[in-house]
Amino acid sequence: DVKVTQSSRYLVKRTGEKVFLECVQDMDHENMFWYRQDPGLGLRLIYFSYDVKMKEKGDIPEGYSVSREKKERFSLILESASTNQTSMYLCASSPTRDRGNEKLFFGSGTQLSVL
Amino acid sequence: AQKITQTQPGMFVQEKEAVTLDCTYDTSDPSYGLFWYKQPSSGEMIFLIYQGSYDQQNATEGRYSLNFQKARKSANLVISASQLGDSAMYFCAMRERGGGGNKLTFGTGTQLKVEL
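Line order of the protein sequences matches chains H and A. Sequential numbering from 2 applies to the first sequence in the numbering used here. Sequential numbering from 5 applies to the second sequence in the numbering used here.
What the hints contain is simulated information worked out from the structure, not anything from laboratory work. Among these hints, one or two may not hold up.
Partner residues are not named here, just some residues of chain H that face chain A (Cβ under 10 Å, in silico) [what the hints assert, rightly or not]:
#1 Phe34
#2 Gly43
#3 Leu44
#4 Tyr65
#5 Met89
#6 Ser95
#7 Thr97
Here a beta-carbon is modelled for each residue, glycine too, at the ideal position from N, C-alpha and C.
Given only the sequences and the hints, what does the whole structure look like? Please build it.
In structure tokens form, the structure reads like this:
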């Protein structure tokens, strides 16, 4: 079974702190994604990566950055956390096989609270 | 404009009844895929079903089927014989071939509650 592991299930940080959310997948997937989930807004894409050291902005990249130094690991960085970044963060991965039906495999999420 | 629209924030259904969760989408890409995911209260995202834009038949997976109406740009999820364990948030999502990196765009979700 594909496993996508997020390092923390719950995280509490203070405004202005630098926050790292870590995600590791064990299936050699090329693509990795960071979404945030908010009530009434669904899942919104923050950043994604289709290869090591490659990154692309999603729909809401402001206030975030990412790092992908190794294929299996994709980190989301909040340079200076703010209260409006309190949210559930979901990491996902998928292979690239160009059939179009490749589903995303999700981690269990990190509930981040910024106080 | 919203690419994926789910107009039902919440739905109730009685156990053993069928329920339809609505999803409409907007794209000019002729090649796209539509996905449904289930998110129980535990928070995990569970893939349910996939429909490709060129698929001739509606997708089915056990009690789940996708009512795909291409001309109307709708991809409704039908759950037959509802069970208490079907109570969850359901998300519709789309992948466009013209987009990069296999990303999915999600709707806002429908919270389904199955009652006795």
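Going through the hints against the structure:
no.: 1; hint: Phe34; verdict: holds, 6 Å
no.: 2; hint: Gly43; verdict: holds, 4 Å
no.: 3; hint: Leu44; verdict: holds, 4 Å
no.: 4; hint: Tyr65; verdict: violated, 15 Å
no.: 5; hint: Met89; verdict: holds, 7 Å
no.: 6; hint: Ser95; verdict: holds, 5 Å
no.: 7; hint: Thr97; verdict: holds, 6 Å
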